[in-house]
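Participant: Could you put together the complete structure from these sequences and hints?
So the sequence lines, in the order shown, correspond to chains A and B. Heads up: the first sequence is residues 1 to 73, going by the working numbering. Heads up: the second sequence is residues 1001 to 1547, going by the working numbering.
It is worth saying that the hints were derived from the structure and are not from the lab. Treat the hints with care, since some could be wrong.
[As the list claims (entries may be wrong)] Covered stretches of chain A, as calculated for chain B (at least 3 residues, CB under 8 angstroms):
(1) 8–14
(2) 44–58
[Unchecked claim] A short, non-exhaustive set of chain A residues, derived as facing chain B with CB atoms under 7 angstroms:
(3) G17
(4) L27
(5) I31
(6) I38
(7) L67
(8) T68
(9) R70
(10) A71
[Stated by the list, open to error] Derived lysine to any residue pairs resembling SDA-like cross-links, with alpha carbons at most 25 angstroms apart:
(11) K43(A) with G1109(B)
(12) K52(A) with N1511(B)
(13) K1361(B) with R70(A)
(14) K43(A) with A1019(B)
(15) K1393(B) with A71(A)
(16) K52(A) with L1082(B)
(17) K1058(B) with D16(A)
(18) K25(A) with W1140(B)
Quick caveat, the model's predicted, so the values are computed rather than measured. Just so you know, even glycine gets a beta-carbon here, dropped at the ideal spot from N, CA and C.
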Amino acid sequence: MNKKGFLFQVYDLYVDGFRHMRLGKTLWAIILIKLFIIFVILKVFFFPNFLKQHAEGDEASYVATELTNRANP
Amino acid sequence: MINNLFLNIDAGTIDWSRAQFALTAIYHWLFVPLTLGLAVIMGIVETKYYRTKDEFWKTAAKFWQKLFGVNFAMGVATGIILEFEFGTNWSNYSWFVGDIFGAPLAIEGIVAFFMESTFVAVMFFGWKKVSPGFHLASTWLTGIGATISAWWILVANAWMQYPVGCEFNPDTMRNEMVSFAEVALSPFAIDKFCHTVISSWIIGAIFCVAVCCWYLMKNRDTKLATESMKIGVWVGLVAALLAGATGHKSAQSVGEVQPMKLAAMEALYNGGTDQGLTAIAWVNPFCQPDYAKEESAPLKLEIPYALSFMATNDIHGYVPGINDILNGYTKPDGTVEPSIDEKIARGKKAIEALSIYRQAKFNSSDDGSTAAYQLGILKENMKYFGYGYIKDKNDIVPYIPINFWAFRIMVGLGCVFILYFLVMLLLIYDIPFLSVFTRRLLASVGLLPETMADAPRRLTGLPSWHYWTAIILVPLAYIASECGWLVAEFGRQPWTIQDMLPTWAAVSDLNAGSVALTFFLFLILFTTMLAVEISILLKQIQKGPEL
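Facilitator: Here is the structure:
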């Protein structure tokens, strides 16, 4: 790879940067744990797409029924 | 106000969903303003390095960037949870707002990802890899990227407060964007953005000054502390003054499009012209006042004409009170604002028309005339669609005590910050126009050293309460900022979208227990993250700059 090329410089920036991180390693560990909790645990088990589960493909009709039924009679 | 947490499922679902959203937003907002504020501090510090080539400034820049990095890492993705909540807890709302809400959030995600991640990497990894000029540009662009992200989030929030640039499509049941420019450049969004971002700079400045004060108290890293403090104090003073100006503009926007919020902020029961701004009054924090019977809040002390000026830029301007809005009033230009009862009637018409329209539209026996007729009624009354869900006109009055006190805490603390930064300027600089008498007066109360020593010695020789004041101001700055959001969000209740959709129509038909469970999960998750952040930040501050 051409070591003076733009792509190598970008690659080197990241690789060298990650290799010499100190505090950054702790912060990355925290970020990854956090992302795991948010996307793998919270999103999958606690935050389903409500309309996909209940509207059976016709979200507009479902929301229309919900909104008209909830209006004050 | 939240009052149904332990009652029936429907009411419980609404209140738990609201509480959960508030909790998530409040925690998210602990990380964001420090990111925006420290971005300015570290940008200025690195600019000093770029201009002087003095290694001291490079060390200082790295130090502030390190603290920025800790906060940035802790804040990453905390806002995503809000989007999860839209899809699960607020599904009717999510569908109803259509792409209007989705577009700014998508742009925010892309900008945040590409801009921030690219330039953050150059900022942290690139000291020896790129030229000083490119590095400096990357540092500023990191901050600008974060600020642009804030712009799109605030555009989405502003649209909920002042829905513009859209048209409701009864076939898809979604609001469709008809003008991207109107949504993206809504005057409400611009005012909100300016006030919010500038108030974040105050938090960054106070944090910077507090860290500096801690070093001065410990008598270590004094050069970093005194030089950074100058930057922090200037940024803080300019930001605090600008926050006052943008706050005035924001109040005008609120007065124009959300007069009920302004009336609640002021506990203004009966409006009129030449209105004074309430400096202080007795509004019981624990119960909604009887605005229908009371003339005004008791023990009211007001600044004459100031409310009229704040809301209309005219000291004689007309400001409607809560009762005026409930019963209808005539604006100075002669237009009549209908009573809430009338709006309720028109909202019901709109919802009924929507229902009949959809039945006719999807019924093959209709020749189209019924659908066309009902569509006309719907369009005519769409402006008041949300009022069709209101049972009693008093339901549209937000909880006055929270708005009243949160507004006063925010403004009061803003004044404290201005005063504090001014005093710090007196300490840092030799002010030639200060008279001997004033100097002695300030020195007698300990606000100014008697000697004419140079800045470092002056700042290091102060009584410890000077330094503790700065440290105590850090949580107060956060309280002021969160109070601003309390006013913005509690003040627009019961609306998720102003005049279009109240909370009880927007919420999903969920079991309150499941929402309560995730509420407590978030409470644990966010509190842990906050504790971790504070712990790492304190450790890095104790460690100090790496020479």
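Participant: Evaluate each hint against the coordinates.
Facilitator: Verification of the hints:
no.	hint	in the structure
1	8–14	holds (count 4)
2	44–58	holds (count 7)
3	G17	3 angstroms, holds
4	L27	4 angstroms, holds
5	I31	6 angstroms, holds
6	I38	6 angstroms, holds
7	L67	6 angstroms, holds
8	T68	4 angstroms, holds
9	R70	5 angstroms, holds
10	A71	4 angstroms, holds
11	K43(A) with G1109(B)	17 angstroms, holds
12	K52(A) with N1511(B)	17 angstroms, holds
13	K1361(B) with R70(A)	21 angstroms, holds
14	K43(A) with A1019(B)	19 angstroms, holds
15	K1393(B) with A71(A)	14 angstroms, holds
16	K52(A) with L1082(B)	18 angstroms, holds
17	K1058(B) with D16(A)	20 angstroms, holds
18	K25(A) with W1140(B)	24 angstroms, holds
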